[in-house]
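In case you want the letters, here they are:
There are 2 protein chains.
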Amino acid sequence: MSYLDRIAECHRWEPDDYRPFIIDDMAVGRVPRDLATRLADFPNVFQVSGRAVSLVPDLNSFDERSAAVADVLGRMRAAGEIPRWRDEAYPILRRWGEAPLLTMERAAVPLFGVRAYGVHLNGFVRDAEDLRLWVARRAKDKATAPGKLDHLAAGGQPHGIGVKANLIKEGQEEAGMDPDLAARAISVGLVTYRCVREEGLRDDVLFCFDLELPANFTPRNTDGEVESFELWPFPRVLETIRDSDDFKFNVSLVILDFAIRHGFLQPDDPDYEEIVAGLHLPPEPV
Amino acid sequence: MSYLDRIAECHRWEPDDYRPFIIDDMAVGRVPRDLATRLADFPNVFQVSGRAVSLVPDLNSFDERSAAVADVLGRMRAAGEIPRWRDEAYPILRRWGEAPLLTMERAAVPLFGVRAYGVHLNGFVRDAEDLRLWVARRAKDKATAPGKLDHLAAGGQPHGIGVKANLIKEGQEEAGMDPDLAARAISVGLVTYRCVREEGLRDDVLFCFDLELPANFTPRNTDGEVESFELWPFPRVLETIRDSDDFKFNVSLVILDFAIRHGFLQPDDPDYEEIVAGLHLPPEPV
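Chains as they are written, first to last, in the numbering used here: chain P, 275 to 560; chain F, 275 to 560.
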């Protein structure tokens, strides 16, 4: 096994399995056949053809679109068709930085193959000799990736909160971090991927942050999502990613980005160019 | 003007203007129409069709390929068809990390639209308050980008030297750096781009390095390629990139990558996702 295997896992999907999900003439997601068929039951909200699924053009404001889609999703939820309902509104964007076209319940986002955003925190301790990364073990009862290894703090990016503010919130909930400490985290880029998971088609952008922590910091989970925390020498983290799938699939990407940025992987490595390329999707629109 | 304008300049090319350059059934470059026509004059080395330019399959070793191509390029040079001859052998690779298929004179690489590699060094000084970047002004008599602003040290990646060793050599030649000092540089990733320049189609991968320098370090150019060095507050560097094309086109990309990695650009910036995407070409093969 290799780092490239971890990356390949984050890029498995079949374009032919989907029809574009179109809002206002712009493709913002990918809907599989079964869902397209089901959405045809709601012709006041969705126009379904053999080529595409579109939001009806009459729905032309943020509020109208959000309400109409929420109504359909609520009915599907009642029919047991949307597992793992989160009660969290995600923004659906034409382009990062623009006003959202609508919000959509988080659990439905991968069903529609819509792009989602998240934050991941590399929390590490450095001394003269080496660098150690805080590793969390996810609770065994989590809905996704139970028992997998994770970052000190990470989470989805809901509607209505800034990226850095969201990171600080996640640091508090997941690792009991003081907001002042989490605010010292530095934004260091992003990784992107598109792949089929149990929950649907994940089309994600993860904003990455680095935070050098004092040696006396001890994380403390406050929301029951983490079973335990350990401080691992970074080479052990990398070996575990290379040789196993113990880390949650997308955490591996963020950690490989960390390894690249901090010189733990070197340009003379034959896989170097392919690893960096694999952390970034092509810049085309969806 | 904006950062995205700088990035767009590094991605201007027209796929239809080229035919694939094929070695051993693998596309490794892009040849424009005029060159394809000219290469048809050398049927012992190149097979030219309306669809592709191929190296003749009989040339099936590194030495044979290199010698045959060098012979053709030498004739073209004698006919004045290859300006700015460098006498530097670049490796032509199927994939980074594999043994080169042949070497090719550096000046011919963009004529064949073949991927080239290089190293760029972000040399900076940090104190409690801010970060300053060493900026070089290129000599006015340089063949490419005379008078433009540049990195402390940067250069192409020739055949037969490791990436880090090359960086140390460039640091010595371009900035008079002690090899021990340059060896402290940390590899931090790469940027990629493909664009038409005066010299042809540049399809480049630049390995990026960061080096935090002591406040008492003063660069000293030893090869006549640099007119002067200045230490600029990083915000001034970024503003100059945003508002002008004073920096050499590809240096802007490496500095934007630096700005992303060090938190000078933030995820809440509406252009953030597009800037990061613009630093990396799609991971497909050539």
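Accuracy of the hints is not assured; some may be wrong.
One copy or two, it doesn't matter: identical chains are merged, so the pair holds either way.
[What the hints assert, rightly or not] Straight-line C-alpha distance at most 20 Å; calculated EDC-like pairs for lysine to aspartate or glutamate:
1) Lys414 with Asp299
2) Lys443 with Asp298
3) Lys438 with Glu548
4) Lys522 with Glu338
5) Lys438 with Glu338
6) Lys414 with Glu486
7) Lys414 with Glu501
8) Lys416 with Asp454
9) Lys438 with Asp542
10) Lys438 with Asp308
11) Lys438 with Glu362
12) Lys438 with Asp545
13) Lys522 with Asp452
14) Lys438 with Glu504
15) Lys414 with Asp332
16) Lys438 with Asp543
17) Lys422 with Glu548
18) Lys422 with Asp298
19) Lys438 with Asp401
20) Lys416 with Asp484
To be clear, the hints were calculated from the coordinates, so they are not data collected in a lab. Note that this is a predicted model, so its numbers are computed, not measured.
### Task
Hint by hint, work out which the structure violates, then give me just those numbers in ascending order.
1, 2, 4, 5, 6, 8, 10, 13, 14, 15, 17, 18, 19 and 20
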